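Visitor: Going down the list, the protein sequences come from chains A and B. With the first letter of the first sequence counted as 1, position 775 gets the number 775 in this note's numbering; the numbers rise by one all the way through. With the first letter of the second sequence counted as 1, position 43 gets the number 43 in this note's numbering; the numbers rise by one all the way through.
One or more hints might be untrue.
If you want a taste of the chain B side facing chain A, the calculated C-beta under 10 Å gives, among others [to be verified]:
#1 Leu37
#2 Ile38
#3 Phe40
#4 Val41
#5 Thr42
#6 Arg44
#7 Met49
#8 Lys105
#9 Glu106
#10 Ala110
#11 Glu111
#12 Trp113
#13 Ala114
#14 Leu116
#15 Arg117
These aren't lab readings, by the way, just hints derived from the structure by calculation. Please read these numbers as outputs of a predicted model, since none were measured by experiment. The beta-carbon is built from N, C-alpha and C at its ideal position, and this holds for glycine as well.
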Amino acid sequence: MSGLAGQLAIMHETLGSLALAAGDAAHAQPRFGTGVGAKFDVPRLFGLIPFIPLLACALCGLCAAMKVKTKLPAAITVGCLLASFGLTIGLYAQVHANPGDFAIIHAFEWINFQWGQSEAQSLTANFSFYADSLTALWMLFVTGLATLIALYASEYMSHDVGQGYCRFFMAFSLFVFSMACLVMGDNLALLFLGWEGVGLCSYLLIGYFYKKPSAVAAAKKAFVVNRIGDLGLSLGVMLAFVQFGSLEYAEIFRKAEPFLALARDGQWQDIPWTVQLIPILLTIGAFGKSAQLPLYVWLPDAMEGPTPVSALIHAATMVTAGVYLVARMFPLFLVSEHALTIVAWGGALTALLAATIGMAQFDIKRIMAYSTVSQLGYMFCGLGVMGVMGGPAHVFTHAFFKAMLFLACGAVMHGFAGQLDLRKLSGLGKMPGWRIVTVAMFVGCINLAGVPFITAGFYSKDTILGDAFANPAMVPIGWILLITAGLTAYYTFRVFFRVFVGPAYYEPGDELHAHDDHSHDHAHANKDHGHDSHGHGHSAWQPHPPGWAINTVLILLTILSFAAIVTVFKADGWLYRMVTNSSAGAGIAADHHHKFFGFDAHAAMKVVSGIVAIAGIAVAFVLHYSGRTSAATSKADSLVPMLGPIPRWAQNKWYVDEFYHFLFVRPLWLLSVVFAAIDKVLVDGLVNVFGWVPKALAKTARPLQNGVLHDYALRMAGGVALLLLIIVLMVNRGDRTSAAASIPPTDNSIGTLPAAPAAVDPIAVSLDPIRAKAQEAVR
Amino acid sequence: MNTLFCTLAQSGWPEPMPTGTLFHYLVISAAMFVIGLIGFVTRRNLIIMFLCTELMFQAAGLSLIAFSRFHLNHTGETFVIFVLTVAAAEAALALALVVLLFRRKESLDAERWAELRG
Numbered sequence: 001m002s003g004l005a006g007q008l009a010i011m012h013e014t015l016g017s018l019a020l021a022a023g024d025a026a027h028a029q030p031r032f033g034t035g036v037g038a039k040f041d042v043p044r045l046f047g048l049i050p051f052i053p054l055l056a057c058a059l060c061g062l063c064a065a066m067k068v069k070t071k072l073p074a075a076i077t078v079g080c081l082l083a084s085f086g087l088t089i090g091l092y093a094q095v096h097a098n099p100g101d102f103a104i105i106h107a108f109e110w111i112n113f114q115w116g117q118s119e120a121q122s123l124t125a126n127f128s129f130y131a132d133s134l135t136a137l138w139m140l141f142v143t144g145l146a147t148l149i150a151l152y153a154s155e156y157m158s159h160d161v162g163q164g165y166c167r168f169f170m171a172f173s174l175f176v177f178s179m180a181c182l183v184m185g186d187n188l189a190l191l192f193l194g195w196e197g198v199g200l201c202s203y204l205l206i207g208y209f210y211k212k213p214s215a216v217a218a219a220k221k222a223f224v225v226n227r228i229g230d231l232g233l234s235l236g237v238m239l240a241f242v243q244f245g246s247l248e249y250a251e252i253f254r255k256a257e258p259f260l261a262l263a264r265d266g267q268w269q270d271i272p273w274t275v276q277l278i279p280i281l282l283t284i285g286a287f288g289k290s291a292q293l294p295l296y297v298w299l300p301d302a303m304e305g306p307t308p309v310s311a312l313i314h315a316a317t318m319v320t321a322g323v324y325l326v327a328r329m330f331p332l333f334l335v336s337e338h339a340l341t342i343v344a345w346g347g348a349l350t351a352l353l354a355a356t357i358g359m360a361q362f363d364i365k366r367i368m369a370y371s372t373v374s375q376l377g378y379m380f381c382g383l384g385v386m387g388v389m390g391g392p393a394h395v396f397t398h399a400f401f402k403a404m405l406f407l408a409c410g411a412v413m414h415g416f417a418g419q420l421d422l423r424k425l426s427g428l429g430k431m432p433g434w435r436i437v438t439v440a441m442f443v444g445c446i447n448l449a450g451v452p453f454i455t456a457g458f459y460s461k462d463t464i465l466g467d468a469f470a471n472p473a474m475v476p477i478g479w480i481l482l483i484t485a486g487l488t489a490y491y492t493f494r495v496f497f498r499v500f501v502g503p504a505y506y507e508p509g510d511e512l513h514a515h516d517d518h519s520h521d522h523a524h525a526n527k528d529h530g531h532d533s534h535g536h537g538h539s540a541w542q543p544h545p546p547g548w549a550i551n552t553v554l555i556l557l558t559i560l561s562f563a564a565i566v567t568v569f570k571a572d573g574w575l576y577r578m579v580t581n582s583s584a585g586a587g588i589a590a591d592h593h594h595k596f597f598g599f600d601a602h603a604a605m606k607v608v609s610g611i612v613a614i615a616g617i618a619v620a621f622v623l624h625y626s627g628r629t630s631a632a633t634s635k636a637d638s639l640v641p642m643l644g645p646i647p648r649w650a651q652n653k654w655y656v657d658e659f660y661h662f663l664f665v666r667p668l669w670l671l672s673v674v675f676a677a678i679d680k681v682l683v684d685g686l687v688n689v690f691g692w693v694p695k696a697l698a699k700t701a702r703p704l705q706n707g708v709l710h711d712y713a714l715r716m717a718g719g720v721a722l723l724l725l726i727i728v729l730m731v732n733r734g735d736r737t738s739a740a741a742s743i744p745p746t747d748n749s750i751g752t753l754p755a756a757p758a759a760v761d762p763i764a765v766s767l768d769p770i771r772a773k774a775q776e777a778v779r
Numbered sequence: 001m002n003t004l005f006c007t008l009a010q011s012g013w014p015e016p017m018p019t020g021t022l023f024h025y026l027v028i029s030a031a032m033f034v035i036g037l038i039g040f041v042t043r044r045n046l047i048i049m050f051l052c053t054e055l056m057f058q059a060a061g062l063s064l065i066a067f068s069r070f071h072l073n074h075t076g077e078t079f080v081i082f083v084l085t086v087a088a089a090e091a092a093l094a095l096a097l098v099v100l101l102f103r104r105k106e107s108l109d110a111e112r113w114a115e116l117r118g
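Isolated chain B (complex conformation):
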């Protein structure tokens, strides 16, 4: 594997990502994550909250890809592909749950689900 990468690198492809570019990616990733977090904490609508979690997910994925490209190591990219698959399945499940929850209370307000109070 090492020799393969060495050969690829000797041929000049892919080109290593410059540090500045990595920085840009990371900033975008952080921004996406924070937007998702703020959205999750402030919004009451279950669907929007779910969207926010997805946003945080993708932010993490973006930073993984960025690092992967920076280090010329494919582990991060592979990992992201798996995460995307799992996220898709989880999204299907979560949306179904949201539908069920809506049917129970005819509302999407997360505040109305507080039965597990200590």
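Next up, chain A with everything else stripped away, as it sits in the complex:
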């Protein structure tokens, strides 16, 4: 109940501080106002934050060009990212000193053109950075985690030194640059640039093992699915420009004020539908990038990329770009009647669906991927139910523990030759050298499951659940999320109980890239050798525990995951202040205090969600730990037949991929066949006609060129004769007509030459003046 008091206290405090009519009639309405404070100045030095990773990218490119065969690219990347992180801390200090305000750091002019005199007929989008607490929050974990994961990757990718090592760190650095542009940009154009940039880097890194067909297919799928979302985003950006005449956040928020006033009074019909459409289009973009319901299918496949990439891009940072977009543009979402409802329902359904799929998978990395999709659903719910704090807070806590879970899975994959099947690994905690990984995994699991009171994940998830139940319109979403919380706890600890405890057992995977042999390719490394090992057991093969880099990173992340509690366990904790002091603060639920069975929703959720999480863990304990004697089987197997076909359906991902294949891919493929046929017959045919006509004509004329010199000569002579004949005929006719037409008769015409013979030959009658003069002279 003290939680309730604190929650209400902070709400009233923020209300008062932002000078809005707190106790007005619209009690049940959220606080409206863009939440944007005054502008303050920061040193331009902080504009370097995105460019230092770009420098790292260029240097790694140079390394690739010079065929560097050492770990130099990793050192460059870690160093540059650390510098970027240091600057981000500086920026955070600046932002912290000016709560609620924002700064604009102008780097250089980028897009600026006019097509008319008025202000509306110009477009300005500078390479400037918008720094408020939301930016600082995002950049802190983006650069911080990127530094740690680059360090981890320096060891993880060590078998590719001299091959793809430079390429990997190039794309890695470029990703951080793009992500920084996305998060820090002060206008939607720069956000879009970063958005496409992170999409490109994601594509490049998923397809890193480009010799593996499944990796190439996954990269392509991620790119194509993201294009659908990006279409929505680009339409939203264009519509925002048309509607507000600017792409800059500060300007857009300023011009959205009148609409916010209308929305506060519930006069939805007075807000143009085009304005209400903008956030819905942005939602499509956010759902594409953040893998939400219709467009989530690319993320699980994206696990084909190297594990550090899965941890950084596909768990901690890039996939949260959608959440960032919604949080950043929250004032616009508030002026739309339905946008937030769509966000909330999309998130809730995704959370539930992904959790059910995750329960039935056997590949531990894939389970983590589905859990990421599910948790992203939570974050969108947190925003969609208008309790805006929960979403970004969960992004922050989730970034640490999910990155750590992936890195722990990566360590297992690295040590057991690509083995990820939880039926073929067991009791890792008992093996020498795997203690740190086990502890890290345990900490990640309790955070993800939301073990009450001791984990950061519990508090941020709890905020979302409480906000959902507090908003009377969103209670069904609260129930869905509560069920999902139980499922999450179950599938998370299913992994832990199967892989890290129980009887010790392992089978190596099929990627035996044995560390003593650095020379061969990761993707196809010793396929035959790997299969041999399956046959002969694994007596000769030994798993290799992680080295110092991986262990250091895991220890640091374990500490950070726990440290994150400090930021969230109080209702007015640091993390919540970071969110509410930014443009996302516009959506804080003011007086939502719908009861949960007679109790305050937030306080009740602290107990209920804790019970649900413990229950989920208990079920996992009974089914997957107690009395388990082998790696491959557990008590859960005996339950499977009782559920009929449902486990099989869940294991096959509810056949969503097949459904999409049938509904979209197949018809498009058929359409492409039709178009290809049209192209081949009609277009190519038309072009070919232009070739065939001269060819056919040439066929008739070609015998003329028979190579016989005399024929040519004869024809030439004939031609000349013909020409002469024509000329002679024409001249004769011309003579006749001119003779008839000219008034003086022929005799008179030469009369000027008195001494000329009477019957004059036409040739003689020259008009040559010399001749005439000469004749005269002769006379």
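With chain A fixed as given, assemble chain B onto it according to the hints.
Guide: Below, chain B alone, put in the same frame as chain A:
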């Protein structure tokens, strides 16, 4: 230039060619040209064919000179002198080509060179 010619004409030299004489020249020129043409078309020997082209050349030159003399205009004569020079160079070249062609096939028959058939 005009005055020079006028002076020459007043002095009575050169005498303008009568029309009948011009006609004779032109007939001879035409006959030479036709003989050359017929020779070129009917004969197979490369050297004879070359001679025939020369004949046609000179026929054209003759008619040019005849007209030049008839009109008392020296352009035609000048032109013929140039043509003769070029023809001499061209004859040297053409005969060398004929020798080369002969070396290739040991024959002077023009019919044997028909590789550029379409």
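Visitor: With a cut-off of 10 Å, does the beta carbon of Met49 of chain B approach a beta carbon of chain A closely enough for the hint to hold?
Guide: OK, holds: Met49 of chain B within 10 Å of chain A, min 8 Å.
Visitor: Measuring from the C-beta of Arg117 of chain B to each C-beta in chain A, is the shortest one below 10 Å?
Guide: Holds - the Cβ of Arg117 of chain B comes within 10 Å of chain A, reaching about 4 Å at its closest.
Visitor: Double-check Val41 of chain B for me: the hint is only fine if its C-beta lies closer than 10 Å to a C-beta in chain A.
Guide: This hint holds: Val41 of chain B lies near chain A, its Cβ roughly 5 Å from the closest one there, short of 10 Å.
Visitor: Given Glu111 of chain B as an interface hint, is the shortest Cβ-Cβ distance to chain A below 10 Å?
Guide: holds (6 Å)
Visitor: Checking hints one by one. Is Ala110 of chain B an interface residue toward chain A, by the C-beta closer than 10 Å rule?
Guide: holds (5 Å)
Visitor: May I ask you to test the interface hint for Ala114 of chain B with respect to chain A, counting a Cβ-Cβ separation under 10 Å as satisfied?
Guide: holds (3 Å)
Visitor: The hint names Trp113 of chain B as touching chain A; please verify it with the least Cβ-Cβ distance against 10 Å.
Guide: holds (7 Å)
Visitor: Does Arg44 of chain B pass the interface check with chain A, least Cβ-Cβ distance below 10 Å?
Guide: Holds. Min distance 8 Å.
Visitor: At a threshold of 10 Å, is the proposed contact between Glu106 of chain B and chain A supported by beta-carbon distances?
Guide: violated (18 Å)
Visitor: The hint names Thr42 of chain B as touching chain A; please verify it with the least Cβ-Cβ distance against 10 Å.
Guide: It holds, given that the least Cβ distance between Thr42 of chain B and chain A is near 8 Å, below 10 Å.
Visitor: For the restraint on Ile38 of chain B, tell me whether the closest CB of chain A is nearer than 10 Å.
Guide: Result: holds, 9 Å to nearest chain A Cβ.
Visitor: Hint validation: Leu116 of chain B versus chain A, beta carbon distance must be below 10 Å. Holds or violated?
Guide: holds (5 Å)
In this structure, the earlier hints numbered 8 and 9 are contradicted, and the remaining ones agree with it.
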